[in-house]
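Student: Let's have the full structure, built from the sequences with the hints guiding it.
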Amino acid sequence: MKKTVVIGASDNPARYSFRAVNMLKNHGHEVVPVGIRKGQVAGLDIHTDRPAEEAVDTVTLYVGPQNQPSWYDYILDLKPKRIIFNPGTENEELEKMAQAKGIRTEEACTLVMLSIGNY
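In our numbering, the protein residues as written are 936 to 1054.
Just so you know, the hints here were simulated from the structure itself, not pulled from any lab data. Be a bit skeptical, because a hint or two may be false.
To be verified - Simulated DEER-style distance windows between Cβ atoms: (1) Glu-1042 x Pro-1004: 16 to 26 Å; (2) Gln-1001 x Lys-1036: 20 to 30 Å; (3) Ala-949 x Lys-973: 10 to 20 Å; (4) Pro-1000 x Asn-947: 15 to 25 Å; (5) Pro-948 x Gln-1034: 32 to 42 Å; (6) Gly-978 x Glu-1027: 30 to 40 Å; (7) Gly-974 x Ala-1035: 32 to 42 Å; (8) Asp-980 x Gln-1034: 23 to 33 Å.
Even for Gly, the Cβ is constructed at its ideal location relative to N, Cα and C.
Tutor: Structure (structure tokens):
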């Protein structure tokens, strides 16, 4: 299973990041929810301290491009194999930075990828 860091995690059931954490966990993936507000989703604490993680397969983004620059170093320091830019999070600058470090980038929807079995 793929260890996934969800950036922009929320305890609000109306948010796509909430659905993504639940769906990832239901599919058996190890999930690390990271956000700006404390809370819980899928029985997991939302980290607000940007924890150092090892062996990260995927970072999936739920933070708009205007708010991503403060996350760049954290995301790249995780050394994920790929970054998924969910709809509304597309960011050419971060994509180029990631690709320069050998990180695969995808403009896709985590929820759709999980539901059709190509996550």
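Student: All hints are to be evaluated individually against the structure, with a verdict given for each.
Tutor: Hint check results:
1. Here the CB-CB span from Glu-1042 to Pro-1004 is close to 18 Å, well matched to the stated 16 to 26 Å.
2. At about 22 Å, the CB distance of Gln-1001 to Lys-1036 agrees with the hint of 20 to 30 Å.
3. Taking 10 to 20 Å as the suggested C-beta distance range, the pair Ala-949 and Lys-973 conforms, at roughly 18 Å.
4. Hint check: Pro-1000 to Asn-947, Cβ distance near 21 Å, so the stated range 15 to 25 Å holds.
5. Checked against the hint of 32 to 42 Å, the pair Pro-948 and Gln-1034 passes, with Cβ atoms roughly 34 Å apart.
6. Hint check: Gly-978 to Glu-1027, Cβ distance near 36 Å, so the stated range 30 to 40 Å holds.
7. Here the CB-CB span from Gly-974 to Ala-1035 is close to 34 Å, well matched to the stated 32 to 42 Å.
8. Judged by the Cβ atoms, the range 23 to 33 Å given for Asp-980 and Gln-1034 holds: they are separated by roughly 32 Å.
In summary, this structure violates none of the numbered hints.
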